[in-house]
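Protein chains: 2
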Amino acid sequence: MRREKVYAVIVPTSDYHGSEYVGEYFKLREYLSGFTGSAGTLVVTLEEAALWTDSRYFLQAECELSGSGTELMKMGESSTPKIEKFLLEKMPENSTLGFDGRTLSQEFVSRLSKTLSEKNIGISSETDFAELVWKDRPPLSAEPVFELPEQICGVSRAEKFSRIREKMKAEHADCLVISALDEIAWTLNLRGNDIEFCPLFLGFMMIFSGGSQTKLFANKEIFSDEIIEKLKADGVEIYGYGEVYSALGDLSCNVWADPRAVNHRFLTSLEDAKLIEKSSPIEAMKAVKNQTEILCVKNAHLKDGVAVTRFMKWLKTSVSSEKITELSAAEKLEEFRKLGENYMGQSFAPIMAYGAHGAIVHYSASEETNAVIEPRGMLLSDTGGHYLDGTTDITRTIVLGEISEEEKRAFTLVLAGHLNLLAARFPEGTRGSTLDYAAREPLWQNGLDFGHGTGHGVGFLLNVHEGPQRISFRAQNDAPMQAGMITSDEPGLYVEEKFGIRHESLLLCEKDENDENDENDENDENDENDENMGFLRFSPLTLVPFDRDGIDVKYLTSRQLELLNDYHRLVFEKLSPLLSGEEKKWLEKATEPI
Amino acid sequence: MRREKVYAVIVPTSDYHGSEYVGEYFKLREYLSGFTGSAGTLVVTLEEAALWTDSRYFLQAECELSGSGTELMKMGESSTPKIEKFLLEKMPENSTLGFDGRTLSQEFVSRLSKTLSEKNIGISSETDFAELVWKDRPPLSAEPVFELPEQICGVSRAEKFSRIREKMKAEHADCLVISALDEIAWTLNLRGNDIEFCPLFLGFMMIFSGGSQTKLFANKEIFSDEIIEKLKADGVEIYGYGEVYSALGDLSCNVWADPRAVNHRFLTSLEDAKLIEKSSPIEAMKAVKNQTEILCVKNAHLKDGVAVTRFMKWLKTSVSSEKITELSAAEKLEEFRKLGENYMGQSFAPIMAYGAHGAIVHYSASEETNAVIEPRGMLLSDTGGHYLDGTTDITRTIVLGEISEEEKRAFTLVLAGHLNLLAARFPEGTRGSTLDYAAREPLWQNGLDFGHGTGHGVGFLLNVHEGPQRISFRAQNDAPMQAGMITSDEPGLYVEEKFGIRHESLLLCEKDENDENDENDENDENDENDENMGFLRFSPLTLVPFDRDGIDVKYLTSRQLELLNDYHRLVFEKLSPLLSGEEKKWLEKATEPI
Numbered sequence: 015m016r017r018e019k020v021y022a023v024i025v026p027t028s029d030y031h032g033s034e035y036v037g038e039y040f041k042l043r044e045y046l047s048g049f050t051g052s053a054g055t056l057v058v059t060l061e062e063a064a065l066w067t068d069s070r071y072f073l074q075a076e077c078e079l080s081g082s083g084t085e086l087m088k089m090g091e092s093s094t095p096k097i098e099k100f101l102l103e104k105m106p107e108n109s110t111l112g113f114d115g116r117t118l119s120q121e122f123v124s125r126l127s128k129t130l131s132e133k134n135i136g137i138s139s140e141t142d143f144a145e146l147v148w149k150d151r152p153p154l155s156a157e158p159v160f161e162l163p164e165q166i167c168g169v170s171r172a173e174k175f176s177r178i179r180e181k182m183k184a185e186h187a188d189c190l191v192i193s194a195l196d197e198i199a200w201t202l203n204l205r206g207n208d209i210e211f212c213p214l215f216l217g218f219m220m221i222f223s224g225g226s227q228t229k230l231f232a233n234k235e236i237f238s239d240e241i242i243e244k245l246k247a248d249g250v251e252i253y254g255y256g257e258v259y260s261a262l263g264d265l266s267c268n269v270w271a272d273p274r275a276v277n278h279r280f281l282t283s284l285e286d287a288k289l290i291e292k293s294s295p296i297e298a299m300k301a302v303k304n305q306t307e308i309l310c311v312k313n314a315h316l317k318d319g320v321a322v323t324r325f326m327k328w329l330k331t332s333v334s335s336e337k338i339t340e341l342s343a344a345e346k347l348e349e350f351r352k353l354g355e356n357y358m359g360q361s362f363a364p365i366m367a368y369g370a371h372g373a374i375v376h377y378s379a380s381e382e383t384n385a386v387i388e389p390r391g392m393l394l395s396d397t398g399g400h401y402l403d404g405t406t407d408i409t410r411t412i413v414l415g416e417i418s419e420e421e422k423r424a425f426t427l428v429l430a431g432h433l434n435l436l437a438a439r440f441p442e443g444t445r446g447s448t449l450d451y452a453a454r455e456p457l458w459q460n461g462l463d464f465g466h467g468t469g470h471g472v473g474f475l476l477n478v479h480e481g482p483q484r485i486s487f488r489a490q491n492d493a494p495m496q497a498g499m500i501t502s503d504e505p506g507l508y509v510e511e512k513f514g515i516r517h518e519s520l521l522l523c524e525k526d527e528n529d530e531n532d533e534n535d536e537n538d539e540n541d542e543n544d545e546n547m548g549f550l551r552f553s554p555l556t557l558v559p560f561d562r563d564g565i566d567v568k569y570l571t572s573r574q575l576e577l578l579n580d581y582h583r584l585v586f587e588k589l590s591p592l593l594s595g596e597e598k599k600w601l602e603k604a605t606e607p608i
Numbered sequence: 015m016r017r018e019k020v021y022a023v024i025v026p027t028s029d030y031h032g033s034e035y036v037g038e039y040f041k042l043r044e045y046l047s048g049f050t051g052s053a054g055t056l057v058v059t060l061e062e063a064a065l066w067t068d069s070r071y072f073l074q075a076e077c078e079l080s081g082s083g084t085e086l087m088k089m090g091e092s093s094t095p096k097i098e099k100f101l102l103e104k105m106p107e108n109s110t111l112g113f114d115g116r117t118l119s120q121e122f123v124s125r126l127s128k129t130l131s132e133k134n135i136g137i138s139s140e141t142d143f144a145e146l147v148w149k150d151r152p153p154l155s156a157e158p159v160f161e162l163p164e165q166i167c168g169v170s171r172a173e174k175f176s177r178i179r180e181k182m183k184a185e186h187a188d189c190l191v192i193s194a195l196d197e198i199a200w201t202l203n204l205r206g207n208d209i210e211f212c213p214l215f216l217g218f219m220m221i222f223s224g225g226s227q228t229k230l231f232a233n234k235e236i237f238s239d240e241i242i243e244k245l246k247a248d249g250v251e252i253y254g255y256g257e258v259y260s261a262l263g264d265l266s267c268n269v270w271a272d273p274r275a276v277n278h279r280f281l282t283s284l285e286d287a288k289l290i291e292k293s294s295p296i297e298a299m300k301a302v303k304n305q306t307e308i309l310c311v312k313n314a315h316l317k318d319g320v321a322v323t324r325f326m327k328w329l330k331t332s333v334s335s336e337k338i339t340e341l342s343a344a345e346k347l348e349e350f351r352k353l354g355e356n357y358m359g360q361s362f363a364p365i366m367a368y369g370a371h372g373a374i375v376h377y378s379a380s381e382e383t384n385a386v387i388e389p390r391g392m393l394l395s396d397t398g399g400h401y402l403d404g405t406t407d408i409t410r411t412i413v414l415g416e417i418s419e420e421e422k423r424a425f426t427l428v429l430a431g432h433l434n435l436l437a438a439r440f441p442e443g444t445r446g447s448t449l450d451y452a453a454r455e456p457l458w459q460n461g462l463d464f465g466h467g468t469g470h471g472v473g474f475l476l477n478v479h480e481g482p483q484r485i486s487f488r489a490q491n492d493a494p495m496q497a498g499m500i501t502s503d504e505p506g507l508y509v510e511e512k513f514g515i516r517h518e519s520l521l522l523c524e525k526d527e528n529d530e531n532d533e534n535d536e537n538d539e540n541d542e543n544d545e546n547m548g549f550l551r552f553s554p555l556t557l558v559p560f561d562r563d564g565i566d567v568k569y570l571t572s573r574q575l576e577l578l579n580d581y582h583r584l585v586f587e588k589l590s591p592l593l594s595g596e597e598k599k600w601l602e603k604a605t606e607p608i
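Protein chains in written order, with the working numbering: chain F, 15 to 608; chain A, 15 to 608.
Bear in mind the hints are in silico, worked out from the structure with no lab data behind them.
Please note: incorrect hints may appear among the correct ones.
The list treats identical chains as one, so a pair stands whether inside a single copy or across any two.
[As the list claims (entries may be wrong)] Below, simulated SDA-like cross-link-like pairs (lysine to any residue); rule was C-alpha separation at most 20 Å, straight line:
#1 128 x 291
#2 292 x 125
#3 346 x 249
#4 288 x 132
#5 525 x 460
#6 312 x 248
#7 246 x 177
#8 330 x 50
#9 229 x 251
#10 512 x 389
#11 603 x 291
#12 246 x 437
#13 128 x 152
#14 99 x 222
#15 183 x 132
#16 96 x 146
#17 96 x 548
#18 133 x 186
#19 128 x 186
#20 99 x 186
Model the full assembly from the supplied sequences, consistent with the hints where possible.
Next up, the structure:
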């Protein structure tokens with residue numbers, strides 16, 4: 015740091031694309047700090063080191079950082095300063111802050127610069143500190159890319175390019191720069207394997223309007239000759255992964271880039287271009303699944319439903335006779351999933367949280383914490399899979415024996431909220447920040463709440479978390495729900511050191527056919543443009559019973575009970591043809607009307 | 015216009031303060047166009063004239079504009095261009111647009127200039143066209159100002175100034191410029207009578223930080239010597255109403271102004287000042303009522319409840335024997351209100367809408383439309399009063415005889431939503447855009463909706479519509495609910511040419527005492543800073559029965575029925591000591607449990 019003349023360095027957990035999960039090559043923060051959690055930012059000054067992470071990792075970080083001298087900064091606690099404030103306080107006037115400009119978003123760096131300008135602190139963003147200090151750094155991942163056939167992805171590359179170019183035209187953009195890996199994979203109908211849990215490959219993309227030219231910046235080695243030829247036919251030429259920055263410098267046209275998505279070096283690389291700062295148009299297109307994707311993902315959920323149902327049956331019937339741990343249960347569930355056709359792997363790190371572990375929202379069992387599952391209490395199981403025909407994400411809370419009144423009440427109130435949201439009908443234009451009321455109402459009425467969002471978008475064989483829609487009453491400017499979006503419905507309740515409950519299914523948003531709202535189009539001064547909007551509703555993609563042993567019907571309204579029985583009837587109808595013998599019998603009992 | 019060298023002129027319905035209602039002096043748009051509605055914008059070019067207004071005035075405007083050559087522009091319809099687009103299309107390159115810069119908000123003019131810059135169209139904002147063309151223009155109102163005693167407003171001027179100056183300090187503002195009339199009245203604990211339905215006086219205000227200096231720009235004649243002295247003691251000096259613009263030019267410090275609130279000339283008048291563009295801090299302070307205001311407004315609602323209850327009883331029992339019209343009913347209700355102590359007048363133009371008129375959301379009966387109320391169908395009655403101890407706003411839909419199944423269903427579903435919202439409990443930080451789900455859910459489940467907002471803030475002897483909170487699922491960035499806010503709960507349903515339903519009470523937001531949510535403070539990546547938040551709930555201020563004759567219990571859940579009976583029990587308990595004889599007997603029957 016002294017050689018580089020910097021007083022402090024920021025090491026985030028990030029690749030060059032703002033990905034939620036990152037490849038081994040990018041884990042400098044883990045290498046330097048010893049903290050292995052999936053989220054955290056390390057700040058090293060000439061005097062000290064500190065690591066910011068969120069509540070799900072407090073315990074783990076305390077443990078892993080202990081003795082290292084690195085201070086743990088608990089994000090979300092009022093006594094914890096923001097990174098910007100911390101740096102402003104600790105750094106001397108006129109000193110310099112260093113970071114690899116490819117690992118921080120342009121938006122974050124803008125905010126940072128603004129704060130630090132108070133002390134005239136400069137920024138040095140050209141140094142790759144990982145190269146300087148990390149001796150045995152793993153190589154960049156270079157896994158082969160494969161193409162999704164049109165029977166699975168539904169829309170051709172050419173058609174996607176044409177829709178994107180229409181949006182570019184409307185914004186007078188000559189070049190659209192894309193750095194989000196899932197947006198590149200979606201546009202090109204390609205998938206890869208460069209990041210754990212995400213079927214993505216490393217790359218950047220520039221789409222030019224006017225003609226049909228697209229530049230893809232990626233490791234050419236990972237593409238077969240056949241794919242290279244096909245891409246060429248659609249106007250896509252492949253350039254080196256690292257060449258993107260000099261190519262940005264060569265642009266002298268209107269360039270559309272999303273400051274929340276592109277890294278800082280993108281913007282500093284631009285020289286003569288005129289920048290259009292706006293969200294990428296691909297995020298919204300990708301979120302609305304086409305009819306082919308919907309048919310495929312329904313099939314993926316059938317296979318996944320069978321796997322998770324088998325797992326539930328196995329767990330509940332074996333827990334008193336076998337030694338089962340959180341880790342072995344996760345393995346068992348993955349074994350069931352592997353029996354499904356075209357299973358490709360887990361869509362995120364599985365959460366198998368027994369008893370009090372359930373109250374740790376993003377608990378991930380390790381050899382050290384691995385609990386033995388006993389025939390009492392509950393297991394919170396939040397897992398998902400990628401299949402060639404789609405991505406799943408499901409949480410069931412499984413009752414293993416006796417549970418307390420408090421646990422039953424919590425289990426049932428959370429289920430009531432889950433069912434309320436599942437049954438919501440709403441006009442087009444409604445946002446998840448409004449719909450969240452449905453999921454939280456049974457808890458709120460009892461003075462209870464949970465701290466996480468109720469729902470996130472889910473990609474089609476892409477990231478298990480995607481936008482632009484979400485379901486959270488805290489969200490501002492979240493995108494309205496649209497027919498074709500897939501969103502999770504996952505309320506929860508967590509009682510520290512006791513238990514955790516979460517019930518999660520994925521919901522498909524669809525047009526509601528029984529509109530009778532044509533008569534109501536009065537406006538008043540508060541509103542604009544709501545002529546003849548249609549209604550939307552959800553239908554469940556996830557097909558796995560909720561554990562009846564956790565339900566106390568006195569906490570359900572008659573409507574909620576009806577919804578539960580309807581859902582269980584659907585689960586039995588869809589899954590029973592795919593099961594036999596004991597498993598089918600078990601499902602029949604598990605889905606019996608209450 | 016040729017002499018002024020302008021190609022087009024905009025004449026909005028606005029005073030210099032962005033008020034919702036405006037005094038006679040400001041009604042140039044009405045004078046020029048002949049359209050008498052309370053909202054509309056006239057555009058006159060050298061070739062043509064057009065008037066923009068919203069759906070509540072389509073019928074009236076069509077009628078009043080017919081034969082005038084002025085084209086009606088129906089806002090909210092997709093074929094109607096926005097004013098900016100219309101001007102951009104119609105105006106030649108390099109021409110000039112004229113308007114009185116005091117009558118348009120800075121925010122609107124910024125947007126307008128940006129659009130018109132495409133054709134290099136200039137702006138001339140110094141001319142008062144009203145002075146040029148309006149021969150017998152009424153004078154500026156100059157009604158006397160009166161002071162609210164501290165037993166009513168609860169907090170002294172000095173205390174308010176000190177809280178405002180704290181906010182100014184945090185923003186490094188040397189001067190806060192206020193142009194919203196209700197913010198000035200609130201800060202000074204003064205009220206006036208310059209605008210129909212609003213106890214306000216015309217003025218501008220500059221609060222300076224550091225010392226205790228405040229400049230009030232208003233007609234000095236309307237203040238008594240006693241008030242002038244008292245103001246002086248609190249550092250407030252009075253200057254001429256029109257002197258504000260030159261005073262702005264003299265400022266050379268950091269000036270805080272809200273671009274949505276101040277008029278265009280404010281900003282063009284600033285010369286050496288550094289501008290801080292941010293919402294006024296007074297809006298949020300004013301919205302949270304103090305304990306004294308709350309006690310007072312509860313009393314105002316008792317008096318108002320008695321008046322409206324008497325009106326309902328009178329109407330329902332007299333409708334078959336007397337000739338009652340929409341206008342005479344409104345007069346009768348005001349007579350009942352006048353019996354209440356310290357009644358000061360109506361808080362807005364009363365809506366008495368019989369039968370199909372009920373479907374016209376902001377219907378206002380005139381001599382031409384005035385319908386005879388008959389012993390069948392329903393009357394939608396949306397009215398309110400100002401009392402010295404607070405402002406009311408209530409809608410009841412009154413059943414006058416036989417109604418159809420469709421009407422009963424609509425009446426009851428809207429009531430179900432009203433009760434859902436009334437009974438909501440929610441954590442601090444929750445916004446009205448989330449709570450709106452509660453009010454709309456019974457309608458949405460049936461594919462029905464209404465086009466207006468569900469709730470607006472209500473001032474304390476100030477404007478009947480105020481922010482910053484509101485209840486509308488379409489709202490973006492609405493302020494969170496806070497204990498002490500008063501908000502309306504007014505879902506509706508409108509079936510064109512048949513009937514309209516609305517049920518409105520004012521709700522007070524309060525801290526919920528039975529929190530049990532301390533145990534739940536887990537966060538996930540979606541959320542920040544929700545440590546140990548408390549819960550809030552509503553309690554009804556408005557105390558008037560809902561007409562039992564409109565209710566079909568089969569459309570209510572058992573919980574909603576319980577809420578209705580609870581509310582009616584409360585109404586009887588509070589109002590019965592204030593009624594006697596037949597009226598008391600009637601109330602007892604009207605509030606009997608169902």
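Against the structure, the hints come out as follows:
1. 128 x 291: both (18 Å within a copy, 18 Å between copies)
2. 292 x 125: both (17 Å within a copy, 19 Å between copies)
3. 346 x 249: This pair counts as neither: shortest intra-copy Cα distance 45 Å, inter-copy 77 Å.
4. 288 x 132: Answer is between: at 18 Å across copies they meet the 20 Å cutoff, but 28 Å inside does not.
5. 525 x 460: Between copies only: 14 Å across, 33 Å inside.
6. 312 x 248: neither (30 Å within a copy, 70 Å between copies)
7. 246 x 177: within (19 Å within a copy, 66 Å between copies)
8. 330 x 50: So residue 330 and residue 50 fail the 20 Å test inside a copy (32 Å) and across (73 Å) alike.
9. 229 x 251: within (5 Å within a copy, 67 Å between copies)
10. 512 x 389: within (16 Å within a copy, 63 Å between copies)
11. 603 x 291: This pair counts as neither: shortest intra-copy Cα distance 56 Å, inter-copy 64 Å.
12. 246 x 437: Neither, since 46 Å and 62 Å both go past 20 Å.
13. 128 x 152: Neither: 35 Å inside a chain and 52 Å across chains, both beyond 20 Å.
14. 99 x 222: So residue 99 and residue 222 fail the 20 Å test inside a copy (40 Å) and across (29 Å) alike.
15. 183 x 132: The answer is between: 18 Å across copies meets 20 Å, while 40 Å in one copy does not.
16. 96 x 146: neither (27 Å within a copy, 58 Å between copies)
17. 96 x 548: neither (44 Å within a copy, 24 Å between copies)
18. 133 x 186: Only across copies: residue 133 and residue 186 sit 18 Å apart there, 39 Å inside one copy, limit 20 Å.
19. 128 x 186: between (29 Å within a copy, 17 Å between copies)
20. 99 x 186: between (38 Å within a copy, 18 Å between copies)
Comparing the model with each earlier hint shows violations of hints 3, 6, 8, 11, 12, 13, 14, 16, 17; every other hint is respected.
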